[in-house]
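Sequence lines, in order, name chains A and B.
The numbering used here puts the first residue of the first sequence at 5, with every later residue one more than the last.
The numbering used here puts the first residue of the second sequence at 76, with every later residue one more than the last.
Treat the hints as calculated values from the structure; they're not laboratory data.
Misleading hints may appear alongside valid ones.
Label pairs and their calculated CB-CB ranges [claimed, not checked]: (1) Asn98/B - Lys67/A: 49 to 57 Å; (2) Thr112/B - Lys67/A: 35 to 43 Å; (3) Lys67/A - Asp324/B: 47 to 55 Å; (4) Asn98/B - Gly71/A: 17 to 25 Å; (5) Lys67/A - Trp188/B: 47 to 55 Å; (6) Gly71/A - Val288/B: 30 to 38 Å; (7) Glu112/A - Glu331/B: 54 to 62 Å; (8) Leu285/B - Arg113/A: 48 to 56 Å; (9) Pro14/A - Thr147/B: 31 to 39 Å; (10) Glu373/B - Pro88/A: 40 to 48 Å.
Which stretches of chain A does chain B cover? Using the computed rule of at least three CB atoms under 8 Å from a CB of chain B, they are [to be verified]: (11) 33-41; (12) 68-75; (13) 97-104.
C-beta: ideal position from N, C-alpha, C; glycine also.
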Amino acid sequence: MKFLYLKLDPFGADACKIGITSKPDVRLGVYQNSYYHGSHTATFDYLWVGDDKNINNIEKTLKTQMGLSIQKEGRGHSEWISEPADVVLNQISETIKGYRYKVFRATERPVTIYNLDQVIDKCKKMVDNN
Amino acid sequence: MKKNKGKVEAYNRQQEIKKFQDNFEIKFDMKDDAIDTRTMAENYEHGIIPLEDISQAIEVVLGPNKRPKVRTFDPELDGYLHFDWHEWTELYLWPKFQRDVAPNHIFKIEGDWDDTCPIVPCGIKVTIGDVTYVFIWDGHHTCQEMKRQGYTKFPVWFLDVDAMLEDGVEIPDEFDNIVEFAVNKAGTNMVRINSKNKRKLSAYDEFMILLEVKDSATVAMNNILSAVGYVPKRHPVEGGFTQIKSGIDIFNNADEYGTKGKYFKRGLQFQKRHWPMAPAELEIWRPMALLYKQCEIEGFTLDEQFDIELGEYLTKTYGDPSSTQESLKELYYAELHNKGFKEPRDHDQWRVYDTIINVYKKNIGRIDLPQAQCRF
């Protein structure tokens, strides 16, 4: 089981980050590391779950589709898409439909370290039932 | 702590590409290995692009750090390369850099000869004693064929070593004489042009050129792609078809009446029906095309319901086309390692073909299919 997440810019820019992980707790911890937890809580603002293949392939497809909005140069730049969330969300939704990716969206949002376990349980059930 | 030794110019390629593309209504791919001029051309009247615009696109992709030193050079006045028409008796071959001549290659050129086709052979002009030689270092087979075709004059683009010497250009120390120097120039340039800097024509480019010149098989294959909803592309993008060579192979699979393209079309239709946005996935449409053909040979009828039920099963179980074909191959290999096969398949197209048959029989099984070579 692997996850695709979309993370909004915490400072409000029209940009989002797309990434994948099989260890969402570790990834959230890494994102939390740069900020004091009293000032900012690291989030996955949207989360999808699927098997490794489908998640790896959808990430590749999305990054190809949105290539022009992704800065390839610059350390740490390459996961940020310079587009508003609704544009990226629409692209993800169309891509899941058009490519028939077997991935499922978690209904909770945002996902934080505080509700992550509960979300993962639900995700497991979604994958098992499909 | 390390100190920055030099100032790095601020340059962000993706931003520069985006800025450049803002000048165009129809966007096109700009990558290191190809700027998609076919799509770029759709922004211009008659589809003809000024070289200056392409030059600007190249500058954007390569960036400021890869620019050569700026200079102005008039090759006609300041260089030593010139064009001229020559008599046959002025032309020579120096076997140090042209090791042989291939009569069968000349005959091959002859079979496809047209007076509009020859490119200009390249040579070196040098005077030794009283004789001025023009050594051909590229295109000497073409020269021979021109002779066979009755040409009375021969075009040559040549380096004028005589003029270099007259202007006081010194022969580098490593060469004992002018001949060695001329041979070095010819040999180095021959390797540069024919090997080192040669960009092989890709299958995609060859296909698109044949399409432009209305080659009948290519046009037919492209018509099938368009009818199904695919577009030939260099890279696998939405709705793109990149597997030109395999496409030609499957397209050429003819039915019992000699009609080509039937199985190719149905294989692609199968994919398009179930994965409408995805680029054509070779190991989905190819094994399906092979299955349609085999069924026809063996007398099985695959109705539309077969396409629907198989596709629905594959998408529901495995997801997108890449994940699907990867999973089918994994199923095959799992069986190979667990139980082994008497005659294992030696190519992915047949591994997926066998697995599709096995998966259908086991999970759907509404109609009969041919036997898979590897059964599980």
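**OP:** List, from low to high, the hint numbers that the structure doesn't satisfy.
**Re:** Violated: hints 1, 2, 3, 9, 10 and 11.
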